[in-house]
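Asker: The residues making up each chain are set out below.
Protein chains: 2
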Amino acid sequence: MKDFQELLAEARKCRPKRAAIAVAQDGGVLAAARECYEMGIAESVLVGDAAEISRIARERKIDISNFEVINEVEPEDAVRRAVQLVREDKADILVKGAIKSPVYLKGILDKNTGLRVGRGLSHVTVFEAKAYNRLMLMTDAGLNIMPTLEQKIVMVKNAVCVARSLKIPQPKVAVISGQELVNPDMPSTIDAAILSKMAERGQIKDCIIDGPLSLDLALSKEAALAKGVVSPVAGQADILVLPNIDAANVLYKSIGFLAGANIIGLIVGAKVPATLPSRADSHETKMASIAMAVLFASKEEEKLQLSPSAAHGETMKIAARS
Amino acid sequence: MKDFQELLAEARKCRPKRAAIAVAQDGGVLAAARECYEMGIAESVLVGDAAEISRIARERKIDISNFEVINEVEPEDAVRRAVQLVREDKADILVKGAIKSPVYLKGILDKNTGLRVGRGLSHVTVFEAKAYNRLMLMTDAGLNIMPTLEQKIVMVKNAVCVARSLKIPQPKVAVISGQELVNPDMPSTIDAAILSKMAERGQIKDCIIDGPLSLDLALSKEAALAKGVVSPVAGQADILVLPNIDAANVLYKSIGFLAGANIIGLIVGAKVPATLPSRADSHETKMASIAMAVLFASKEEEKLQLSPSAAHGETMKIAARS
Numbered sequence: 001m002k003d004f005q006e007l008l009a010e011a012r013k014c015r016p017k018r019a020a021i022a023v024a025q026d027g028g029v030l031a032a033a034r035e036c037y038e039m040g041i042a043e044s045v046l047v048g049d050a051a052e053i054s055r056i057a058r059e060r061k062i063d064i065s066n067f068e069v070i071n072e073v074e075p076e077d078a079v080r081r082a083v084q085l086v087r088e089d090k091a092d093i094l095v096k097g098a099i100k101s102p103v104y105l106k107g108i109l110d111k112n113t114g115l116r117v118g119r120g121l122s123h124v125t126v127f128e129a130k131a132y133n134r135l136m137l138m139t140d141a142g143l144n145i146m147p148t149l150e151q152k153i154v155m156v157k158n159a160v161c162v163a164r165s166l167k168i169p170q171p172k173v174a175v176i177s178g179q180e181l182v183n184p185d186m187p188s189t190i191d192a193a194i195l196s197k198m199a200e201r202g203q204i205k206d207c208i209i210d211g212p213l214s215l216d217l218a219l220s221k222e223a224a225l226a227k228g229v230v231s232p233v234a235g236q237a238d239i240l241v242l243p244n245i246d247a248a249n250v251l252y253k254s255i256g257f258l259a260g261a262n263i264i265g266l267i268v269g270a271k272v273p274a275t276l277p278s279r280a281d282s283h284e285t286k287m288a289s290i291a292m293a294v295l296f297a298s299k300e301e302e303k304l305q306l307s308p309s310a311a312h313g314e315t316m317k318i319a320a321r322s
Numbered sequence: 001m002k003d004f005q006e007l008l009a010e011a012r013k014c015r016p017k018r019a020a021i022a023v024a025q026d027g028g029v030l031a032a033a034r035e036c037y038e039m040g041i042a043e044s045v046l047v048g049d050a051a052e053i054s055r056i057a058r059e060r061k062i063d064i065s066n067f068e069v070i071n072e073v074e075p076e077d078a079v080r081r082a083v084q085l086v087r088e089d090k091a092d093i094l095v096k097g098a099i100k101s102p103v104y105l106k107g108i109l110d111k112n113t114g115l116r117v118g119r120g121l122s123h124v125t126v127f128e129a130k131a132y133n134r135l136m137l138m139t140d141a142g143l144n145i146m147p148t149l150e151q152k153i154v155m156v157k158n159a160v161c162v163a164r165s166l167k168i169p170q171p172k173v174a175v176i177s178g179q180e181l182v183n184p185d186m187p188s189t190i191d192a193a194i195l196s197k198m199a200e201r202g203q204i205k206d207c208i209i210d211g212p213l214s215l216d217l218a219l220s221k222e223a224a225l226a227k228g229v230v231s232p233v234a235g236q237a238d239i240l241v242l243p244n245i246d247a248a249n250v251l252y253k254s255i256g257f258l259a260g261a262n263i264i265g266l267i268v269g270a271k272v273p274a275t276l277p278s279r280a281d282s283h284e285t286k287m288a289s290i291a292m293a294v295l296f297a298s299k300e301e302e303k304l305q306l307s308p309s310a311a312h313g314e315t316m317k318i319a320a321r322s
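If you read the sequences in order, they're chains A and B. For the first sequence, full-length UniProt numbering gives the first residue as 1, with consecutive numbering after it. For the second sequence, full-length UniProt numbering gives the first residue as 1, with consecutive numbering after it.
Don't read these hints as lab results, they were simulated from the structure. Any given hint could turn out to be false.
Copies of the same chain are indistinguishable here, so a pair counts whether it falls within one copy or spans any two.
In the BS3-like style, the derived pairs of lysine-lysine whose C-alpha atoms are separated by at most 30 Å in a straight line are [to be verified]:
# : residue 1 : residue 2
1 : Lys90     : Lys303
2 : Lys227    : Lys100
3 : Lys130    : Lys227
4 : Lys221    : Lys130
This one's a predicted model, so the numbers in the text were calculated from it and none came from an experiment.
Generate the whole structure from the sequences, applying the supplied hints.
Answerer: Shown next, in the form of structure tokens:
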């Protein structure tokens with residue numbers, strides 16, 4: 001897919017999903033929810049301050065008459081209630097409203113009342129790579145701070161699942177580091193080498209992994225050739241795996257701020273996908289977030305139908321080991 | 001200063017310096033050396049394969065008749081000899097020629113034959129921030145892999161010295177992290193808070209430090225205001241301090257590859273400044289690297305004349321502790 005328009009078109013082909021919006025008193029989110037409803041992508045349950053939700057909908061002239069509204073005035077309670085809807089199979093995706101990320105994440109990650117299902121969670125960013133005329137993915141700018149090798153394996157697998165729901169059957173994964181040579185003193189290069197070999201051995205499936213690669217080599221075949229690096233991924237990476245959240249955030253902000261690209265974010269690996277966009281998102285980006293979650297949820301559904309017990313077997317083992 | 005042209009003009013005002021070029025058999029470096037000579041910025045000693053140097057100079061029609069040539073065929077030997085010239089006070093700056101960075105760095109860092117003088121070393125990047133119409137600095141994309149707090153202090157001090165040689169008397173330093181809130185689980189945010197306080201207490205001088213700041217907040221006052229962050233640095237950072245080499249490299253490549261900016265790099269903290277550019281540098285960038293080293297060396301000279309014993313006292317103490 002080349003952009004978010006195509007992503008939205010693809011989501012329209014799925015069976016509509018039910019979204020639980022956590023802290024729904026937000027004009028942008030309500031407008032996106034309404035438009036997704038009209039496009040047949042998702043219907044929403046609005047969890048939050050009901051009076052505020054009504055006021056904002058009236059003010060912004062957004063028709064919310066088709067949506068169930070659940071009144072929870074306190075943001076923490078609204079998150080808990082939205083998460084609860086997912087736990088009770090009353091919602092297929094979770095959508096972030098007017099709530100700070102840490103509170104939202106706490107609701108998802110809570111060991112007792114959250115959405116953990118025994119596999120690792122990670123954040124996957126999808127952005128419009130205009131220079132390449134296609135969507136690209138990046139991980140992890142939102143959740144794993146200094147990921148261990150085990151966590152990086154989860155990050156790769158989750159990103160590969162998202163890529164596959166974007167119709168990239170065999171994504172090319174670039175494990176980014178400060179340099180392209182393995183340096184025993186530089187942990188990011190070591191992990192990259194290990195991940196590459198694991199994909200070669202079939203321990204990480206459905207993708208081609210190469211690393212360490214510096215960002216320019218991942219993005220440019222010419223840059224790789226100039227450095228004498230022969231790589232099946234260089235210049236054609238679908239997924240960029242960053243060594244830590246600081247590096248990921250620098251890339252995230254470079255893409256958004258310097259290159260002006262549209263970006264969406266998903267928390268993957270919980271019971272259902274949960275949107276985690278940044279605060280400055282546009283209306284189109286908010287809709288694309290929901291559409292992405294719908295696409296991902298549909299793909300997971302398919303997998304469960306194909307093989308109900310084995311769908312996440314391997315990921316679960318790894319999460320259990322770590 | 002707004003760009004490398006201005007930097008070159010400033011370097012012309014300094015007393016000319018003597019550059020030792022390590023492994024000088026490189027057309028680009030020879031051309032830059034020649035032009036710097038004509039501009040009265042620096043004269044060069046060409047250390048390397050003398051036959052190759054002559055051949056390249058003839059082929060590229062570069063006049064090297066004013067330069068001393070020292071024949072060292074093996075690259076390792078050429079680096080050692082160029083470093084030796086600096087140790088014997090026969091050169092004021094070290095310039096990287098056709099040699100891989102690790103070999104070049106090994107020559108500088110060698111405990112017995114290198115250029116260590118008891119203070120910490122770091123890599124400082126200077127780039128043309130076109131959107132801001134001025135030069136900006138970034139550290140450390142070349143040397144400190146996972147810097148400790150002590151190493152970050154050195155990184156800040158070295159970058160501040162470079163900024164001051166660029167006529168930024170009180171540089172604003174943004175300590176970059178994945179987020180702007182202090183998170184006890186996220187070491188980069190902790191170090192940023194500590195560095196900020198150290199500058200407030202006068203333990204790090206001649207600069208204003210604020211962090212943690214995400215990249216967009218460092219670059220945009222509006223982004224900071226939108227997040228409710230009041231910062232003397234947001235939107236006007238002169239120096240970006242990155243938490244690790246992976247994050248720094250992502251920014252380096254984003255600036256160069258995505259934003260198309262010109263970039264130069266210096267190793268700072270050794271006996272003399274040493275250029276460490278990336279391989280894809282243009283002719284103008286190669287000249288700017290030399291000019292930057294000359295400016296920095298001149299500033300250090302001034303400092304030594306003002307206060308011969310105390311110039312690096314504080315940095316030395318810190319390096320000794322770490």
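Asker: Each hint should be assessed against the structure and marked as holding or not.
Answerer: Comparing the hints with the structure gives:
1. Proximity of Lys90 and Lys303 under a CA criterion of 30 Å is satisfied intra-copy only: 20 Å inside one chain copy versus 70 Å between copies.
2. Proximity of Lys227 to Lys100 under the C-alpha cut-off of 30 Å is restricted to the inter-copy arrangement: shortest distance 11 Å between copies versus 43 Å within a copy.
3. Taking identical chains as interchangeable, the C-alpha atoms of Lys130 and Lys227 lie at most 30 Å apart whether they share a chain (25 Å) or sit on different chains (27 Å).
4. Taking the closest pair of Cα atoms, Lys221 and Lys130 come within 30 Å of each other both inside a single copy (17 Å) and across two copies (26 Å).
In summary, the structure agrees with every hint in the numbered list given earlier.
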